[in-house]
Amino acid sequence: MAANDVPENLTYTAEHEWVAVDDDVATVGITAYAADALGDVVYVALPAVGDTVTIGDVVGEVESHKSVSEIFAPIAGEVVAVNDRLEAEAELAGSAPYEDGWLFRVRLDGGTEHLLDAAAYAAHIADA
Amino acid sequence: MSPDQSADQPDLHRTPLHDAHVALGATMVGFAGWSMPVKYTSDVAEHTAVRTAVGLFDISHMAQITVTGPDAAAFLDHALAGRISTLAPLQSRYTMILADSGGIIDDLIVTNTHLPADAGTPPSDAATDQAAGAAEPAPPTEFLVVANAANREPVLAALQERLLARSGADESAPGDTGAVTITDTHRALVAVQGPHAVAVLHDLAAAGDLVVNPGHAVAPDGTEITLDTLRYYRTVPATFRDAPVTLSRTGYTGEDGFELSIAPLQAGDLWEALLAVGQAHGIVPAGLAARDTLRLEAGMPLYGHELTLDTLPVQAGLGRVVATAKDDFVGKAGVEAGPAADAPVLVGLALPGRRAGRADYRVLDGEGTDVGVVTSGVLSPTLGHPIAMAYVRPDLSAPGTVLAVDVRGTAIPATVVELPFYRRSKES
Chain A
1 MAANDVPENL TYTAEHEWVA VDDDVATVGI TAYAADALGD VVYVALPAVG DTVTIGDVVG
61 EVESHKSVSE IFAPIAGEVV AVNDRLEAEA ELAGSAPYED GWLFRVRLDG GTEHLLDAAA
121 YAAHIADA
Chain B
1 MSPDQSADQP DLHRTPLHDA HVALGATMVG FAGWSMPVKY TSDVAEHTAV RTAVGLFDIS
61 HMAQITVTGP DAAAFLDHAL AGRISTLAPL QSRYTMILAD SGGIIDDLIV TNTHLPADAG
121 TPPSDAATDQ AAGAAEPAPP TEFLVVANAA NREPVLAALQ ERLLARSGAD ESAPGDTGAV
181 TITDTHRALV AVQGPHAVAV LHDLAAAGDL VVNPGHAVAP DGTEITLDTL RYYRTVPATF
241 RDAPVTLSRT GYTGEDGFEL SIAPLQAGDL WEALLAVGQA HGIVPAGLAA RDTLRLEAGM
301 PLYGHELTLD TLPVQAGLGR VVATAKDDFV GKAGVEAGPA ADAPVLVGLA LPGRRAGRAD
361 YRVLDGEGTD VGVVTSGVLS PTLGHPIAMA YVRPDLSAPG TVLAVDVRGT AIPATVVELP
421 FYRRSKES
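For the protein sequence lines, the chains are A and B, in the order given.
The first sequence begins at 1 in the UniProt record's numbering and counts up one residue at a time.
The second sequence begins at 1 in the UniProt record's numbering and counts up one residue at a time.
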């Protein structure tokens, strides 16, 4: 997977998270760019189901051999699901960040218009 | 997420292998003023390749300083912590350069690179010389000092300052500065590390690209040095396609391996040739991330983490590196005064689970009292659990002592263990 892989159908944050909105539920993960920068992921801390999050909250962390990065809530709402597979297979967050490595799902309580589209995010990482 | 990608700073130095790293798809980062590959594919895969097969590292960012001249050995005995004058030709030693306080300016590997044209001379000649009343054989006159990239300038400055001070102070030998020359060579350095490293170099020799010991130098026991008989911390001259190479059996991974110093112009060809012949042995290019996890498992300190200007060698468990019996060397008084009785000492810590205690995280005792600080920590790829090096209160440094590391608000139990964490089996 290339570090500059930016799927068209997702929206993004400048903090290298992706958001997929399906009706009123948003799925959140880290981007391929972030995964590449981190290196092999060894541990993921996630919010708890039922937590209420607001934009910018630190809701978890992704730890690699090299470093630890915080996960910020990209949208507001109630956490309705977390990816339990990451407990035993944290590496999925880095090896399949857009698929099996998703992090958590939020029932939206607020908008998503602040998120970047694929073109804007691609431009953002090109400048980084 | 805030991934740190800082390799695009325009003022970073580039090694002679920079383009090769980019062509291999490396993730480049800024490190000690250099643009360096942190990983090519996966840092864990690169780590594992070095433990089980062989890895190739570009470490050209390290400073390779030559100290030459008739007075070089005596000068280094004064300027460095170890006794350099006792190094046999083609022998290396791990040592340090200390401040007056005894604190560590850098850790170094010093090699007596004096070409042993006369080391191969039958001993009877020396005996004849002495019988004829000639002076003792000229002492070795060339040393290679390898320093950390981040410390290139401080080490050069300290050496030059000590050379000037020494020549001024020593009235009996006012011309000493003329007898020692300090040169920053800017040569390239690559490391071939892992159980298959010797096989890779054999294949490079079989291909006719590498000639080990073209001058037929002999070891102290009188036998000619070969790739197979070259011992750990020994060096031998070699050539790569006629370019001079200083070939040393040294490394920073805890595995068998070699470091090859070569002129920058030939470094790219050497790198390509090693990757090509190494393919049959599972060679992978390996980046700084793997280098860090490998050295940490091997219990090797890293300057800026375990070693600092505020650390005395004995606190880092490296008191043996200092030749305190020497009459005089910079830092002697500080080392002899020693650290305070309650000064922290370096220990290894083993943690359960997956979350590593990292540099600057606090170490706690059973009551949650702050008793120290982690200097390096990682989830060990080889051992499968987190390991760390930390400075802790000396009364809590005995192996088996149970402490804890504050991992971002969670106290994770940590047991003091002997260093190194990993020791290779010598049978392989």
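Check before you lean on any hint, since a few could be wrong.
[Said to hold, decoys possible] FRET-style restraints, in silico, Cβ to Cβ:
(1) Asp327(B) x Ser95(A): 55 to 65 Å
(2) Thr223(B) x Asp5(A): 24 to 34 Å
(3) Gly400(B) x Ala123(A): 47 to 57 Å
(4) His124(A) x Pro214(B): 47 to 57 Å
(5) Ser95(A) x Pro394(B): 53 to 63 Å
(6) Asp22(A) x Pro394(B): 53 to 63 Å
(7) Ala14(A) x Pro352(B): 33 to 43 Å
In case anyone wonders, no lab produced these hints; they're calculated from the structure.
Quick reminder that beta carbons are idealized off the backbone N, C-alpha and C, glycines included.
Tell me the hint numbers this structure goes against, listed in increasing order. 2, 5
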